[in-house]
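Chemist: Single-letter residue listing:
There are 2 protein chains.
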Amino acid sequence: MTMDFAATKALFHVPQGMIYLDGNSLGPLPKATAARVARTVTDEWGEMVITGWNRASWMAQPSDFGDRIGRLIGAEKGHVVVGDTLSIKVYQALASAIDLVPDRKVILTDSGNFPSDIYMAEGLIRSLGRGLELRVVAPEEVADHINDDLAVLMLTEVDYRTGRKHDMKALTAQAHAAGAIAMWDLAHSAGALPVDLAGCGADFAVGCTYKYLNAGPGAPAFIFVAPRHADRVKPALSGWLGHAAPFAFDLDYRPGAGIERMRVGTPPVLQLAALDAALDIWDQVDMDALRAQSILLTEQFIAGIEATCPDLSLASPRDPAMRGSQVSFAFDNGYAAMQACIARGLIGDFRAPDIMRFGFTPLFIDESDVAQAVAIIGQVMDQRLWDDPAFQTRARVT
Amino acid sequence: MTMDFAATKALFHVPQGMIYLDGNSLGPLPKATAARVARTVTDEWGEMVITGWNRASWMAQPSDFGDRIGRLIGAEKGHVVVGDTLSIKVYQALASAIDLVPDRKVILTDSGNFPSDIYMAEGLIRSLGRGLELRVVAPEEVADHINDDLAVLMLTEVDYRTGRKHDMKALTAQAHAAGAIAMWDLAHSAGALPVDLAGCGADFAVGCTYKYLNAGPGAPAFIFVAPRHADRVKPALSGWLGHAAPFAFDLDYRPGAGIERMRVGTPPVLQLAALDAALDIWDQVDMDALRAQSILLTEQFIAGIEATCPDLSLASPRDPAMRGSQVSFAFDNGYAAMQACIARGLIGDFRAPDIMRFGFTPLFIDESDVAQAVAIIGQVMDQRLWDDPAFQTRARVT
Numbered sequence: 194m195t196m197d198f199a200a201t202k203a204l205f206h207v208p209q210g211m212i213y214l215d216g217n218s219l220g221p222l223p224k225a226t227a228a229r230v231a232r233t234v235t236d237e238w239g240e241m242v243i244t245g246w247n248r249a250s251w252m253a254q255p256s257d258f259g260d261r262i263g264r265l266i267g268a269e270k271g272h273v274v275v276g277d278t279l280s281i282k283v284y285q286a287l288a289s290a291i292d293l294v295p296d297r298k299v300i301l302t303d304s305g306n307f308p309s310d311i312y313m314a315e316g317l318i319r320s321l322g323r324g325l326e327l328r329v330v331a332p333e334e335v336a337d338h339i340n341d342d343l344a345v346l347m348l349t350e351v352d353y354r355t356g357r358k359h360d361m362k363a364l365t366a367q368a369h370a371a372g373a374i375a376m377w378d379l380a381h382s383a384g385a386l387p388v389d390l391a392g393c394g395a396d397f398a399v400g401c402t403y404k405y406l407n408a409g410p411g412a413p414a415f416i417f418v419a420p421r422h423a424d425r426v427k428p429a430l431s432g433w434l435g436h437a438a439p440f441a442f443d444l445d446y447r448p449g450a451g452i453e454r455m456r457v458g459t460p461p462v463l464q465l466a467a468l469d470a471a472l473d474i475w476d477q478v479d480m481d482a483l484r485a486q487s488i489l490l491t492e493q494f495i496a497g498i499e500a501t502c503p504d505l506s507l508a509s510p511r512d513p514a515m516r517g518s519q520v521s522f523a524f525d526n527g528y529a530a531m532q533a534c535i536a537r538g539l540i541g542d543f544r545a546p547d548i549m550r551f552g553f554t555p556l557f558i559d560e561s562d563v564a565q566a567v568a569i570i571g572q573v574m575d576q577r578l579w580d581d582p583a584f585q586t587r588a589r590v591t
Numbered sequence: 194m195t196m197d198f199a200a201t202k203a204l205f206h207v208p209q210g211m212i213y214l215d216g217n218s219l220g221p222l223p224k225a226t227a228a229r230v231a232r233t234v235t236d237e238w239g240e241m242v243i244t245g246w247n248r249a250s251w252m253a254q255p256s257d258f259g260d261r262i263g264r265l266i267g268a269e270k271g272h273v274v275v276g277d278t279l280s281i282k283v284y285q286a287l288a289s290a291i292d293l294v295p296d297r298k299v300i301l302t303d304s305g306n307f308p309s310d311i312y313m314a315e316g317l318i319r320s321l322g323r324g325l326e327l328r329v330v331a332p333e334e335v336a337d338h339i340n341d342d343l344a345v346l347m348l349t350e351v352d353y354r355t356g357r358k359h360d361m362k363a364l365t366a367q368a369h370a371a372g373a374i375a376m377w378d379l380a381h382s383a384g385a386l387p388v389d390l391a392g393c394g395a396d397f398a399v400g401c402t403y404k405y406l407n408a409g410p411g412a413p414a415f416i417f418v419a420p421r422h423a424d425r426v427k428p429a430l431s432g433w434l435g436h437a438a439p440f441a442f443d444l445d446y447r448p449g450a451g452i453e454r455m456r457v458g459t460p461p462v463l464q465l466a467a468l469d470a471a472l473d474i475w476d477q478v479d480m481d482a483l484r485a486q487s488i489l490l491t492e493q494f495i496a497g498i499e500a501t502c503p504d505l506s507l508a509s510p511r512d513p514a515m516r517g518s519q520v521s522f523a524f525d526n527g528y529a530a531m532q533a534c535i536a537r538g539l540i541g542d543f544r545a546p547d548i549m550r551f552g553f554t555p556l557f558i559d560e561s562d563v564a565q566a567v568a569i570i571g572q573v574m575d576q577r578l579w580d581d582p583a584f585q586t587r588a589r590v591t
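Chains as they are written, first to last, in our numbering: chain A, 194 to 591; chain B, 194 to 591.
Next up, chain A with everything else stripped away, as it sits in the complex (with noise of 0.2 Å):
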């Protein structure tokens, strides 16, 4: 069952007077969660205790929540799962490809990847001290650089900063055309709009749930591994859950069937039990109609703020297609402007040097809310409220 954008908005707590543009970063609190999370404390922990595990599914939530994901996702059934950060899934990923490519040296990503990915990746490299080179260009020069000495192609689809998104078919083709392995990370697009990893071939995948899939702060991340390589892959992080029979407690690692491998240590319960809260919204919504609704609701913003704020310079493609579903202007005080915005209960973030983002999330953000948004940014511009000393601390996270 399909639901409208007015009922997902209702299933959401954001709180009184705020325009909350930041789920993209961190994702509001559905309403059921609560009592979700609540339930797995006290009636799962609380009087199953040890057999929770089974009682209460805990140990198979990580697959089962990965196939729900897996659907928004376009992943063949059974090769999601969920579990750890999304730099230990980097990694993971990253560790599984290079072996698929062992004669290769380079591994090729852009300057918007966000930086976690390309520190997991300098990480491997060091450990593995077999001479790879992360090679690291600008976006719109990737595909120039698509060679025959390449291993791995790994990218974050939707930029962090400009929302520009990568063209996740073409590359993954020209990427195999060059006998190299394309891995993606969808932090920015898993629930932000449809992503169809089967028809793209995509090798690997990784993501994580608290922007977009509203699982809260430090959801688990999700790994997907394609089907041709699932059965294949050794895991650089074998953990007793990715052991093809962990309460065997066998001396030797014999990986897991398929996904499963990629399992690490004991699953986070009680993140989990927010995931599936989060998920239950999810189950229930179609990713097209998602992607019309934040195609409308990002060219309304854009032409709201342009019509407006002439000091503010779009940072993100202005051809809707080419970005997810969040939108950058970049303004020499962008960070004291948002500041301003903040303190008028419209949320959004800022990311060096000078950009202000804002990610617009159907589930919960409506016309109604843009207009308002349009609205603050442009009493801030006009009254040059970004030049308040007030606004010009930096605070430690934004």
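To be clear, the hints were calculated from the coordinates, so they are not data collected in a lab.
This one's a predicted model, so the numbers in the text were calculated from it and none came from an experiment.
Idealized CB from N, CA, C, for every residue including glycine.
Check each hint, because a few of them may be wrong.
[Stated by the list, open to error] From the derived model, a few chain B residues whose C-beta atoms are all more than 12 Å from chain A:
hint	residue
1	G322
2	E333
3	M480
4	D504
5	S506
[Stated by the list, open to error] Straight-line Cα separation of at most 25 Å, DMTMM-like style, residue types lysine to aspartate or glutamate; simulated pairs:
hint	chain 1	residue 1	chain 2	residue 2
6	A	K298	B	D292
7	A	K427	B	E269
8	B	K427	A	E326
9	B	K202	A	E240
10	A	K270	A	D476
11	B	K298	A	E333
12	A	K427	B	E315
13	A	K202	A	D479
14	B	K202	A	D236
15	A	K298	A	D337
16	B	K427	A	D292
17	A	K298	B	D424
18	A	K427	A	E326
19	B	K298	A	D476
20	A	K224	B	D443
21	B	K224	A	E240
22	B	K224	A	D236
23	A	K298	B	D443
24	B	K298	A	D443
25	A	K427	B	D443
26	B	K427	A	D479
27	A	K224	B	E240
28	A	K224	A	D236
29	A	K202	B	D236
30	A	K202	B	D443
31	B	K224	B	D257
32	B	K362	B	D443
33	B	K298	B	E240
34	B	K298	B	D443
35	B	K298	A	D479
36	B	K224	A	D476
37	B	K224	B	D476
38	A	K298	B	D445
39	A	K427	A	D260
Go by the hints and put chain B onto chain A.
Modeler: Positioned in the frame of chain A, the structure of chain B alone reads:
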């Protein structure tokens, strides 16, 4: 302020009619946890949304809570951080340890180590491809294998099956005398007995918080790095939250100060709320008093079982100084016997091939519980209740 154990017992919810001797696998629910988690879900995530990272101190909790755990394990302040799973922390610690002794090839562990530690080591060794060797010996032979070719001594202090306790101080000193690094897994030590990492001169330590520490299913792990190494180690899992300036979004990784560099990705905020509530109890516990009470309970249990159940043979060391806070008995029909105990409300667990394992956790188990446990086991053995086919089918998780 220190609480007595009658007072701590009142702070836990143990299901009606249950004697829970499995706190060494998953600790029971502290009564204050539900409200603490609900506060994080509703008041923090719900009302602060993204600003909770600062306003609710989510970002600081991994270090803050690390210090509270640090007191229980004798770590120097500022040298423990919480995050990820124990398997991931084993990988991180071992990779860093190996880096400190680049010319050596042997990692020594014992067959009583938890399998996931061994699997993670195998995976790391395979990734590094530097001809490292994992040498697995019997627990009593570890000291004889500490030679000048040793790179890292990697042990779990308390054996998960038998409760046998290594002499951390002596083995660490012996490893250091041989020029090696000593790394300890405290999964069955933290909250079970006093640990003195600083006094032993341990180089690295890791542990989990869902067993004796009672932080709930899937609670995060912790890692300790000795102050002399903390600013030298280069993390293999170099995630953005271990970066010196995570929110500068630099493309180059620069490790954070000291233990901060062992952070990887976004901390699991809901699990941390449960850890906070659990540590509120631990903050009031004297570890020497805990150890004395643990020995009293385990001695009572052993004496009771040996007086009434001649078919059970003690699989734990008889000398309380040589064991942790659990007692194991070997019995050929141990799996079915444990199921019969569970059916009567006595929860312990079974570990292949024949180990019936019982954890003694003074925070919520007292002498009366132990007497009841002895009576139930006596009844199971006396009436051969394990001979019921209903108890002989293996569950997937025990």
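Chemist: Against this structure, judge whether each hint is valid.
Modeler: These are the hints, each one checked on the structure:
no., hint, verdict
1, G322, "violated, 7 Å"
2, E333, "holds, 17 Å"
3, M480, "holds, 24 Å"
4, D504, "holds, 24 Å"
5, S506, "holds, 20 Å"
6, A:K298 - B:D292, "holds, 23 Å"
7, A:K427 - B:E269, "violated, 38 Å"
8, B:K427 - A:E326, "holds, 18 Å"
9, B:K202 - A:E240, "holds, 16 Å"
10, A:K270 - A:D476, "holds, 15 Å"
11, B:K298 - A:E333, "violated, 45 Å"
12, A:K427 - B:E315, "holds, 11 Å"
13, A:K202 - A:D479, "holds, 15 Å"
14, B:K202 - A:D236, "holds, 20 Å"
15, A:K298 - A:D337, "holds, 17 Å"
16, B:K427 - A:D292, "holds, 23 Å"
17, A:K298 - B:D424, "violated, 31 Å"
18, A:K427 - A:E326, "holds, 21 Å"
19, B:K298 - A:D476, "violated, 51 Å"
20, A:K224 - B:D443, "violated, 36 Å"
21, B:K224 - A:E240, "holds, 12 Å"
22, B:K224 - A:D236, "holds, 12 Å"
23, A:K298 - B:D443, "holds, 24 Å"
24, B:K298 - A:D443, "holds, 24 Å"
25, A:K427 - B:D443, "violated, 31 Å"
26, B:K427 - A:D479, "violated, 45 Å"
27, A:K224 - B:E240, "holds, 12 Å"
28, A:K224 - A:D236, "holds, 19 Å"
29, A:K202 - B:D236, "holds, 20 Å"
30, A:K202 - B:D443, "violated, 36 Å"
31, B:K224 - B:D257, "holds, 22 Å"
32, B:K362 - B:D443, "violated, 42 Å"
33, B:K298 - B:E240, "violated, 53 Å"
34, B:K298 - B:D443, "violated, 35 Å"
35, B:K298 - A:D479, "violated, 55 Å"
36, B:K224 - A:D476, "violated, 33 Å"
37, B:K224 - B:D476, "holds, 16 Å"
38, A:K298 - B:D445, "holds, 20 Å"
39, A:K427 - A:D260, "holds, 22 Å"
The structure shown violates the earlier hints numbered 1, 7, 11, 17, 19, 20, 25, 26, 30, 32, 33, 34, 35, 36.
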